[in-house]
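*Asks:* Going line by line, the protein sequences match chains A and B. Numbering (the numbering used here) for the first sequence: 185 to 259. Numbering (the numbering used here) for the second sequence: 21 to 255.
FYI, nobody ran anything at the bench for these hints, they're computed from the structure. It is possible that some hints are incorrect.
[To be verified] List time: in silico DSS-like cross-link candidates among lysine-lysine, alpha-carbon distance up to 27 Å:
id: 1; chain 1: A; residue 1: Lys203; chain 2: B; residue 2: Lys252
id: 2; chain 1: A; residue 1: Lys209; chain 2: A; residue 2: Lys186
id: 3; chain 1: A; residue 1: Lys207; chain 2: B; residue 2: Lys252
id: 4; chain 1: B; residue 1: Lys50; chain 2: B; residue 2: Lys93
id: 5; chain 1: A; residue 1: Lys236; chain 2: A; residue 2: Lys207
id: 6; chain 1: B; residue 1: Lys49; chain 2: B; residue 2: Lys93
id: 7; chain 1: A; residue 1: Lys236; chain 2: B; residue 2: Lys93
id: 8; chain 1: A; residue 1: Lys236; chain 2: A; residue 2: Lys186
id: 9; chain 1: A; residue 1: Lys236; chain 2: B; residue 2: Lys247
id: 10; chain 1: A; residue 1: Lys203; chain 2: A; residue 2: Lys236
id: 11; chain 1: B; residue 1: Lys50; chain 2: A; residue 2: Lys236
id: 12; chain 1: A; residue 1: Lys207; chain 2: A; residue 2: Lys186
id: 13; chain 1: B; residue 1: Lys93; chain 2: A; residue 2: Lys203
id: 14; chain 1: B; residue 1: Lys218; chain 2: B; residue 2: Lys132
id: 15; chain 1: B; residue 1: Lys252; chain 2: A; residue 2: Lys209
id: 16; chain 1: A; residue 1: Lys209; chain 2: B; residue 2: Lys247
id: 17; chain 1: A; residue 1: Lys203; chain 2: A; residue 2: Lys186
id: 18; chain 1: A; residue 1: Lys209; chain 2: A; residue 2: Lys236
Keep in mind the model is a prediction, meaning the values are calculated, not measured.
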Amino acid sequence: MKEYVIDSFGEACPVPLIKAQNKIKEIEVGDVVVLQIDHSCAMKNVPEWARKDGHNVEVEEVDDGEWEVIIEKTH
Amino acid sequence: MSDAVKVENASGSSSIRRSSTRSRTRRKKKNQLPIGIVVFVLILLAGAYFGFQSASLGLQWILGISFGFILQKSRFCFTASMRDPYLTGSTSITRAVLIALAVTTIGFTAIKYGYYINGLPIPGMSYVVPISLATIIGAFVFGVGMVIAGGCASGTLMRVGEGFSMQVLSLAFFVIGSLWGAHDFEWWSFHIISKGPKVFLPDVFGWFGAVVIQLLIILCLYMVAVKYEQAKTQD
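All chains should be built: construct the whole structure from the sequences, respecting the hints.
*Replies:* See the structure below:
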């Protein structure tokens with residue numbers, strides 16, 4: 185199992201979403217992507233997409249206005 | 021528009037196995053409650069001040085604050101409503117916008133019809149403007165711009181309020197663009213816009229017909245959105 189960290193601080197949606205989608209495509213099942221964001225919209229659309237796609241998702245607020253979206257590739 | 025985004029607490033209730041412990045060593049968050057209370061009191065004081073100046077100014081202040089609050093909490097993003105169907109196949113925000121349009125259709129018709137049957141001048145008729153090539157060009161340019169800027173007008177304003185610095189830049193160029201647009205508007209108006217037809221639906225279909233037709237179109241778009249999402253998520 186590998187963990188990939190994507191630094192998306194300062195990037196407006198949809199950039200974090202596209203980065204997460206591309207990363208999920210190239211990694212293996214069981215790997216984890218940690219997407220670091222500070223854009224509140226990405227906090228909604230990234231988990232929504234990942235859940236719809238069937239992956240395990242968690243959101244952690246690591247600091248005021250900074251989040252980590254943790255996505256585990258399941259298929 | 022669900023709040024499915026549940027923020028997990030930091031105490032390690034994570035079900036996803038993680039290799040690093042990096043996220044466990046985090047700074048202690050500042051308590052924002054005192055700031056919130058101070059801001060709330062300031063909003064009330066400013067509201068009272070504006071209210072004494074003029075009643076409509078006070079109303080505008082309260083409405084503005086409420087709009088901002090709802091926008092921030094609901095993530096009601098017009099950009100996402102147009103963009104997410106293509107990017108993620110999700111039409112939840114698109115459908116929310118359609119519902120909003122349906123509600124405003126009924127509300128605005130009620131207001132306008134109320135003025136009409138009382139023989140008063142109908143409010144807001146200056147917004148009935150000709151449809152022309154300029155509408156299409158403008159919509160396209162705005163669409164490209166809002167996706168690059170990461171937000172439409174309301175979204176940009178809301179995120180400036182959240183303190184997202186990149187969109188302070190968006191706002192600055194938004195203002196520059198608007199001024200430029202206002203500067204050139206006369207040329208567009210004279211050469212292109214004024215040549216288009218000016219359509220006010222109640223004049224064409226009658227008041228009842230206009231509401232029914234507009235709601236039917238919205239309903240069709242809604243059903244298309246549902247079907248589109250089903251088709252997109254199946255493959």
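*Asks:* Are the hints correct? Go through all of them and say.
*Replies:* Here is what the structure says about each hint:
| no. | hint | result |
| --- | --- | --- |
| 1 | A/Lys203 to B/Lys252 | 20 Å, holds |
| 2 | A/Lys209 to A/Lys186 | 14 Å, holds |
| 3 | A/Lys207 to B/Lys252 | 20 Å, holds |
| 4 | B/Lys50 to B/Lys93 | 21 Å, holds |
| 5 | A/Lys236 to A/Lys207 | 16 Å, holds |
| 6 | B/Lys49 to B/Lys93 | 21 Å, holds |
| 7 | A/Lys236 to B/Lys93 | 22 Å, holds |
| 8 | A/Lys236 to A/Lys186 | 23 Å, holds |
| 9 | A/Lys236 to B/Lys247 | 15 Å, holds |
| 10 | A/Lys203 to A/Lys236 | 17 Å, holds |
| 11 | B/Lys50 to A/Lys236 | 34 Å, violated |
| 12 | A/Lys207 to A/Lys186 | 12 Å, holds |
| 13 | B/Lys93 to A/Lys203 | 25 Å, holds |
| 14 | B/Lys218 to B/Lys132 | 17 Å, holds |
| 15 | B/Lys252 to A/Lys209 | 17 Å, holds |
| 16 | A/Lys209 to B/Lys247 | 25 Å, holds |
| 17 | A/Lys203 to A/Lys186 | 17 Å, holds |
| 18 | A/Lys209 to A/Lys236 | 15 Å, holds |
Checked against the numbered hints given earlier, this structure breaks only hint 11.
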